[in-house]
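A.B. asks: Numbering (the working numbering), first residue to last: 886 to 1234.
A portion of the hints provided could be inaccurate.
As the list claims (entries may be wrong) - Derived CB-CB ranges, DEER-like:
(1) Phe978 with Arg1190: 35 to 45 Å
(2) Arg1190 with Thr920: 14 to 24 Å
(3) Ala1162 with Thr1019: 20 to 30 Å
(4) Pro1132 with Asp1169: 15 to 25 Å
(5) Pro1165 with Asn922: 44 to 54 Å
(6) Glu929 with Met1160: 44 to 54 Å
(7) Glu1210 with Asn930: 14 to 24 Å
(8) Thr1222 with Asn922: 19 to 29 Å
(9) Arg1190 with Arg927: 31 to 41 Å
(10) Ala1146 with Ile991: 35 to 45 Å
(11) Val961 with Leu989: 12 to 22 Å
In short, the hints are calculated from the structure, not lab data.
Cβ coordinates follow ideal geometry from the N, Cα and C atoms, glycine included.
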Amino acid sequence: MKTCSLQCHSCHTQRDERVTHYGLQGRATNVVPVTSNALVKRYENLEDGMVAKIFWGGASRTNESKILKSVEIAKVHDTVKDHIPELLWHHTFTNPTSAIGEALGIPEPTTGSRMLYILVFRKLHPITKKLNNTELFNVWRQCVLCHLTLWKEGVYHRDISPGNLMWYRKNSQLIGVLDDYDLSSLANIVGPQGNERTGTVPFMALELLSPSVQRGEVKHLYRHDLESFMWVFAWIVLRYRQGVLLPRGLRPFDEWATLGAVACGKEKLFFLNNMEASAPSDIDEDIWNFLVDSFLVLKKDADNRYYLRFKRPSSSGEGRQPNAEDSDLDAVLSKFTSLEGWDKLSKST
886 MKTCSLQCHS CHTQRDERVT HYGLQGRATN VVPVTSNALV KRYENLEDGM VAKIFWGGAS
946 RTNESKILKS VEIAKVHDTV KDHIPELLWH HTFTNPTSAI GEALGIPEPT TGSRMLYILV
1006 FRKLHPITKK LNNTELFNVW RQCVLCHLTL WKEGVYHRDI SPGNLMWYRK NSQLIGVLDD
1066 YDLSSLANIV GPQGNERTGT VPFMALELLS PSVQRGEVKH LYRHDLESFM WVFAWIVLRY
1126 RQGVLLPRGL RPFDEWATLG AVACGKEKLF FLNNMEASAP SDIDEDIWNF LVDSFLVLKK
1186 DADNRYYLRF KRPSSSGEGR QPNAEDSDLD AVLSKFTSLE GWDKLSKST
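Make the full structure from the sequences, and use the hints.
C.D. replies: This is the structure we're talking about:
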């Protein structure tokens, strides 16, 4: 156990349970269980414990604690209230990596510099753990609806992945939580944050896994995040059984996590074009049917954008840009909520 004392707070970290990402560059995010007598006295219902998220965030980006303040404002909506992480405490170390490097005599460009952040939250459960099929859809659906409302309120998440969808129980009810906003952007912040590639490669929309994204030619839109939700759902359904990860060799997609953006896009496109209509014997039929129908929607939309890319503009506007803004977010989501499977699974939760 180690103790970190900052601004009259002592946080004790535990070594037996942590999530670590190593690297010489990037955020190098660590999530560790912590205890704090001061925070326990200040907040109620911390019986599940607390975790500290420690990471090197981009110095030029809007920091996560500021984004979470905007998220808090959106709590007036039922789809957001209880479905966002509760920030208990945070601290920013103001010396960026560029200053540290300079002090050590190691020149580093000021652009791309990072600062160290510590954020303490209530402990939550990952969506991949301890859930049956019905519970999985319930938690996932709540996160989808929370995400839609936040996007309307100007909070753009932009990194939908299994590790960012969490849950907890409240009065015996499962509550889905949309977590992790350090790659998010705000609509009212002016900057180049809309066209940069953000996300976790295996779950990114196909349109974002292309060379044009590297050149900043594709803007990250709501439908891209929504597509990520579908890839996350497929990832969990096909790789887990009742919250338990299948053994290596019996689970698909392992290679997706090791491929670059373009190569992963090719693998995902092959999967999209070759899904089986009938459910595997160990997957719930309703879950599988919803998954297949959802990917049919994605396939039709992708084919339509491909057609628009080569169609010449006309006075009627038919040749509009395939990466145009999503003008009606509810209409985009309704392509999935109107599916028979969505309705059937929602009623069973």
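A.B. asks: Is 15 to 25 Å respected by the C-beta to C-beta distance linking Pro1132 and Asp1169?
C.D. replies: holds (20 Å)
A.B. asks: Given the hint of 14 to 24 Å, is the C-beta distance from Glu1210 to Asn930 inside that range or not?
C.D. replies: Because 41 Å falls outside the window, the suggested range is violated.
A.B. asks: Tell me if the beta carbons of Val961 and Leu989 are separated by a distance inside 12 to 22 Å.
C.D. replies: Given a distance of about 47 Å, which is not inside 12 to 22 Å, the answer is violated.
A.B. asks: Assuming the hint says 31 to 41 Å, is it satisfied by the Cβ distance from Arg1190 to Arg927 or not?
C.D. replies: violated (50 Å)
A.B. asks: Taking 20 to 30 Å as the hint, is the beta-carbon distance of Ala1162 and Thr1019 inside that range?
C.D. replies: holds (22 Å)
A.B. asks: Just tell me: holds or violated, for the beta carbon distance of Thr1222 and Asn922 against 19 to 29 Å?
C.D. replies: Taking Cβ atoms as reference, Thr1222 and Asn922 lie about 45 Å apart, which means the hint is violated.
A.B. asks: So the hint says 44 to 54 Å: do the beta-carbon atoms of Pro1165 and Asn922 match that?
C.D. replies: The hinted range 44 to 54 Å holds for Pro1165 and Asn922, with Cβ atoms some 50 Å apart.
A.B. asks: Taking the CB of Arg1190 and the CB of Thr920, does the distance hold inside 14 to 24 Å?
C.D. replies: Violated - the Cβ-Cβ distance for Arg1190 and Thr920, about 50 Å, lies outside 14 to 24 Å.
A.B. asks: State, for the Cβ atoms of Glu929 and Met1160, whether the hinted interval 44 to 54 Å holds or is violated.
C.D. replies: Holds, at about 46 Å.
A.B. asks: Measuring from beta carbon to beta carbon, are Ala1146 and Ile991 in 35 to 45 Å?
C.D. replies: At roughly 29 Å between Cβ atoms, Ile991 and Ala1146 fall outside 35 to 45 Å, so the hint is violated.
A.B. asks: Holds or violated: the 35 to 45 Å window for the beta-carbon distance between Phe978 and Arg1190?
C.D. replies: holds (43 Å)
In terms of the numbered hints stated before, the structure departs from hints 2, 7, 8, 9, 10, 11, listed from lowest to highest.
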